[in-house]
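Novice: Model the full structure from these sequences, guided by the hints.
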Amino acid sequence: MILLTPEKHSALKSILISVADDEWIMGHRGSEWLAEAPDLEDDLALSSTSQDEMGHARLLYRLIEELGGPSPDHQVYARPVDDWYPARLVTLARQDWAEWVTRRYFYEVFDAIRRHALISIPFPSLAYALQSIEREEAYHIRYIEAQMTNLAYGGQVAHDYLAHGIAVDWAFIPSLFSWGTAEETWQILQCPALDPRSLQQAFEASIQKQFATWDLAWPGPLGSIDGNGRSAAKNPDLAQIRAELRAVRQIAPDSHW
Amino acid sequence: MDLMHHSKEEFIEQIAAGNKVDTGDWMPDDYRQLLIKQIHMHAISEIMGAYPEKEWVKYAPTIQRKLALNAKIQDEIGHGHMLLRLAEDLSAPLGRGREDLLHDVLDGRVKFHNVFHMSAPSWADAGVIGFLVDGGAIITQAMLLASSYAPYARMLKRIVAEESFHMQFGESVVLALASGTEVQREMLQQAINRWWPAMMFFFGPREMGPQSQRMLEYRIRTMTNEELRQKFIARYVPRIHALGMTLSDHELYQDPDPPHFWHYTDPDWDWFNDMVHHNTGPMSQARLALRRGAQEGLAWARHAALQAHATIDVRAATL
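These protein sequence lines map, in sequence, to chains S and P. Sequential numbering of the first sequence, starting at 1, is according to the working numbering. Sequential numbering of the second sequence, starting at 1, is according to the working numbering.
I should point out that these hints are in silico values taken from the structure, not numbers from a laboratory. Just to be clear, a hint being listed does not mean it is correct.
To be verified - One-sided excerpt, in silico: chain S residues whose CB lies under 10 Å from chain P:
| id | residue |
| --- | --- |
| 1 | Y143 |
| 2 | E145 |
| 3 | V248 |
Stated by the list, open to error - Sample of chain S residues with no beta-carbon within 10 Å of chain P, all distances over it, derived:
| id | residue |
| --- | --- |
| 4 | L4 |
| 5 | H116 |
| 6 | I119 |
| 7 | I141 |
| 8 | A167 |
| 9 | V168 |
Virtual Cβ for every residue (Gly too), placed ideally from N, Cα, C.
Specialist: This is the structure in structure tokens:
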């Protein structure tokens with residue numbers, strides 16, 4: 001294992017937990033759509049991506065374990081709710097299909113930018129994990145862009161659903177850019193690409209370009225970066241998610257399942 | 001199968017000689033109808049089978065279980081998808097496509113297996129479905145590997161291979177529960193009690209109806225309902241006892257003399273029949289509502305995909 005200063009060690013763990021929690025919750029929420037997608041092909045793609053996201057989360061939780069944290073199963077099933085840091089956007093309770101498409105799209109664009117920034121952290125295990133994750137994520141972004149294209153060019157009804165999905169998600173997008181714990185973690189890691197403002201700028205540029213190709217109206221400026229965007233205390237859906245995750249396990253917390 | 005004269009008698013002779021029917025081959029109308037009935041019902045059962053397990057994905061108690069259950073459901077949908085493609089091919093001359101075939105379950109024009117009408121109120125049910133239902137399905141589908149319709153038999157090779165993974169998932173869950181706390185063991189016992197009578201119905205009535213008999217004659221299937229059920233009982237009674245669990249059927253015993261027939265309590269044939277034919281099971285309507293949400297509620301998304309492709313094609317042509 002590479003030697004990190006205690007300060008960097010702690011900063012890296014806090015960055016990784018936000019990323020892993022996002023991935024886990026996206027997989028968890030995605031699995032709610034199992035067997036309920038519009039077409040069987042969509043169902044197959046959807047379940048693949050949900051498994052991928054949860055697999056990525058497990059990989060990242062393992063990196064945290066490598067850094068001295070608890071096991072991945074402990075992270076998911078035993079961590080107090082106040083120690084979770086998913087972005088508000090990813091935890092939103094299930095709404096309609098179009099909103100799930102737009103949420104996935106916004107998240108995938110952001111996640112690609114974030115992964116690109118994470119590569120600059122000098123931690124070989126993370127670089128290796130990101131390489132592995134990238135192979136699967138390349139498919140995710142292609143798939144979800146195709147879904148957005150279908151909604152954008154799919155006639156008035158689809159366009160209306162799409163506009164509604166974008167409007168619902170837009171207010172929660174700033175939650176993605178914060179780092180949850182200490183906001184200066186990116187400075188400690190000497191990684192300016194992880195600056196929330198840089199992430200937001202890159203995100204807006206990417207989305208603006210894509211919206212133009214889809215002839216979609218720009219929804220207006222994003223809100224300011226939400227320092228509480230990953231705060232469990234400000235997230236009414238997180239406690240419910242945690243309760244679902246633990247519902248069976250807590251029957252016999254120390255037993256094999 | 002090469003049939004010069006396309007006569008039903010020749011067709012039956014060829015099948016009796018062990019020859020297979022392949023895509024595009026001529027076939028008697030009633031053979032086609034029986035195939036559609038069998039494969040359509042199989043496809044829809046795979047899809048409807050996703051719902052009881054889906055209920056437990058969000059509650060799965062370990063990361064590995066959650067991923068495995070998610071993958072299992074994906075496989076079931078994948079099986080439904082492949083089988084529907086077969087049913088589509090067979091139904092094409094009748095002017096029926098995928099939308100029709102998927103819609104049929106909402107209108108009660110195609111049945112699905114009794115087990116997927118049942119409730120699955122605990123995590124143990126998610127395991128027992130893999131253990132018993134997938135185990136039962138493997139017995140049925142292994143028999144169908146010898147089907148006279150070659151495309152079905154070929155597809156089943158892959159399906160049976162994946163179902164065996166599903167059964168292993170179920171076995172792993174029930175083993176963990178059986179070796180767990182008293183609460184976990186009781187959860188497992190209750191689930192076995194719930195699913196055993198449903199599994200006795202799963203293979204069909206003791207005396208097969210005329211259509212099933214016809215399927216035997218055409219070698220679409222090669223074993224009777226009772227032969228399949230006997231195989232299931234013989235395989236699972238010792239396994240359940242090895243887990244330290246019991247079966248509450250007091251009439252369950254095996255003849256000591258050959259052919260060592262297993263006696264069992266008849267399931268409530270009328271109750272299960274009504275459930276399958278009229279969707280009156282404990283969870284029939286709730287699961288059909290989920291299916292309806294995808295099929296009817298999201299029809300706009302399928303139309304949008306078609307329209308988007310047409311729009312993009314027009315734009316490309318005008319550039």
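Novice: Each hint should be assessed against the structure and marked as holding or not.
Specialist: Results of checking the hints against the structure:
1. Using the Cβ-Cβ criterion of 10 Å, the hint placing Y143 (chain S) at the interface with chain P is not satisfied: the shortest such distance is roughly 12 Å.
2. Among the interface hints, the one on E145 (chain S) is violated; its C-beta lies about 12 Å from the nearest C-beta in chain P, farther than the 10 Å criterion.
3. Interface hint at V248 (chain S): satisfied, since its Cβ lies 4 Å from the closest Cβ of chain P, which is below the 10 Å cut-off.
4. Residue-level check passed: L4 (chain S) sits 26 Å from the nearest beta carbon of chain P, beyond 10 Å.
5. Its beta-carbon lying about 26 Å from the closest one in chain P, H116 (chain S) satisfies the requirement of being farther than 10 Å from that chain.
6. In this structure I119 (chain S) is separated from chain P by more than 10 Å, as the shortest Cβ-Cβ distance comes to about 25 Å.
7. Chain P leaves I141 (chain S) outside its interface by the beta-carbon criterion, the shortest separation being 18 Å against a cut-off of 10 Å.
8. Distance to chain P confirms A167 (chain S) as a non-interface residue, since its nearest Cβ pair spans about 18 Å, more than 10 Å.
9. The claim that V168 (chain S) is not at the interface with chain P holds, since no C-beta of that chain comes within 10 Å of its own (minimum 17 Å).
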